[in-house]
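For this one, chain B is given, so just place chain F on it according to the hints.
Protein chains in written order, with the numbering used here: chain B, 3 to 291; chain F, 5 to 374.
Every clue listed holds true.
Cut-off 20 Å, straight-line C-alpha distance, at most; resulting in silico cross-link-like pairs (EDC-like, lysine to aspartate or glutamate):
# : chain 1 : residue 1 : chain 2 : residue 2
1 : F       : K239      : F       : D222
2 : F       : K94       : B       : D185
3 : F       : K94       : B       : D186
4 : F       : K231      : F       : D35
5 : F       : K297      : F       : D267
6 : F       : K297      : F       : E273
In short, the hints are calculated from the structure, not lab data.
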Amino acid sequence: MKARPSRFMLGGRTYSPAASLLLATPFLLVLMLAFLLPLGMLLRESLFVPSFTVEHYRRVFDEPVYLRVMYRTIRISALVTLISLLLGYPLAAMMARTRGLMLNLLLVAVLLPLWTSVLVRTYAWLVLLQRNGVVNDLLTGLGIVDAPMQLLRTEGAVVLAMSHVLLPFVVLPLYATLRAIPDDYARAARMLGANGFAVFRHVTLPLSMPGITSGCVMVFLLALGFFVTPALIGGPQQMMLATLVQQQVTELLNWPFAGAIIGVLLLAVLGLMIVFHRVIRLDRFVGQA
Amino acid sequence: MRAAAGGAELRTGTGNGEHVGVHELVKRYGDVAAVDGVTFGVRTGEFLALLGPSGSGKTTVLMNIAGFDFPDFGRIEIGGQDVTWTPSHKRNLGMVFQRYTLFPHMTVLDNIAFPLRMRKIGRAEREERARVALRTVRLEGYGERKPAQLSGGQQQRVAMARAVVYNPEVLLMDEPLSALDKNLREEMQIEIKHLQRELGVTVIFVTHDQTEALTMADRIAVLDLGKLQQLDTPKALYEQPTSAFVAGFIGETNFWPAVASGDAVAGSELGVTLEGGERATVTAADAIRGGQKVKVAIRPENIRLSKDGAGVQASVEEAIYAGSITTLLLRSKGPTLRVRVGPDGALGEPAPGTPFTLGWQTRHARAYAA
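Only chain B is shown next, with the shape it has when bound in the complex:
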């Protein structure tokens, strides 16, 4: 008997539309019910409570404190992204050239933080940075400073702790990208007269751009909505958007205003992403096939 091709499979490469829909449905359902629906409701409240109004949005822009928090959130996120990239790139480059046991150890070292709760990691920073914490003990013990310094509730501490928590998200895509670049490109460049730095500048860096972009976008977006770390490590002076929203919702029960803050953030991120995409056009790096 001849086997009839299933109508769910077209060749080996692509699924039929029916199969595609079936496979994506569970995810799409969760996305709709758990994300888009509540978000939509929140945004609707920000515009239609009590009746159609832009009052909540006007308040975001009228009261400097909210704009300040938003600006700070974007600034801290950008800083965290930059630091993660600067710490992560050399590590990823080194991992891309490592094999065997050493590579596995490095991968575990990168992934281990991801297997630990963010809360635990943040408390670890709390222990390290508090007034009588490890860092201050060390600094006073060595006589570098006379009295313990204010480390917690500083923007530096927030940036440091967030960079640590988010580092894997830039290392992993970068590692994957760098690993996939054939050695021959660097060899060819060397042969053509490029020294180590020139190879990096003209070959490795541009070819790893897709990894840099995806890693940075991931870290930046995660940082924008980060709640636990800034809330615990930072004080009121380091308040970020997530904390602000949480205050509005749980303490002041001002849902429409929380919705307005989120709406503004959403638009800001969308705008940033569009600019980012225009400036760094991914297709530029591989050319049209």
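Only chain F this time, still in chain B's reference frame:
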């Protein structure tokens, strides 16, 4: 190492006048010696092929010349200067790789101008020289494209333009055609050869394809198990291989086990008893003592078939038609032999079972110590 018969003076020149010198090169990976004491010289303007099966050490030799790898022992000289420990980017060599040769994020012209840019040559001049190089490989008008928009053959031509645009000392090629299909490969072989003659550049070309080496090279260095087996012109390698390995690796060869009837120095006539009991006269490729076991190598096209009674006997087992030639598989009293006959042979299309008497010129049957 044995000296090539009739080609001893072509061998490992270590004196003056050579462009690249490899001296006593040894490279070990763990316990394995990838290259085990290789010495040879490449003359100025010469096209030298490094030929060998995978694991022969040919690529390792090239990597040491290129400066991507460094030897445990031995020296590399280019233009009379010791460059054994010189970093790649200061050796002023050109290189074409098997693939992943062109930088995918740069245009064709930027790729070709890259080595000039690394040499701090001004924009106008490097663009001009890149355009000239592009014309040399007959790809004018392709300068603004990205490498991915070119075919495989075009990409390798651009890679060649890039490798010669800065007039490097020596052009290294690491199996540059092996990713191309057969027709294109043959076309490119001729094109590379022409370009090399035109530019007069010294080329070291690594390949595992003996036809490619025979077609393109002025001389071929055959490597096996990390050692240089023979370095000679294609003709000398094919007609007077100095070892059974080279005889079997270059072209096709029948090996017939035999026992020497008397002593013979290399190059002289030798009587042998072939496996199966028949007697024959061959040429000793090595010094042979009487009673010693030998392997007699005869190429398929050098065996003559006749109906005369006297001589070594065999019968047709199978005839394999391949257009311009027909290969006959013959059952002898010893091994099954391959014999090549032309299409207009007086033999017609021999039916299986047809008996023949085999003959060959003494110089075409070479006996190696087994």
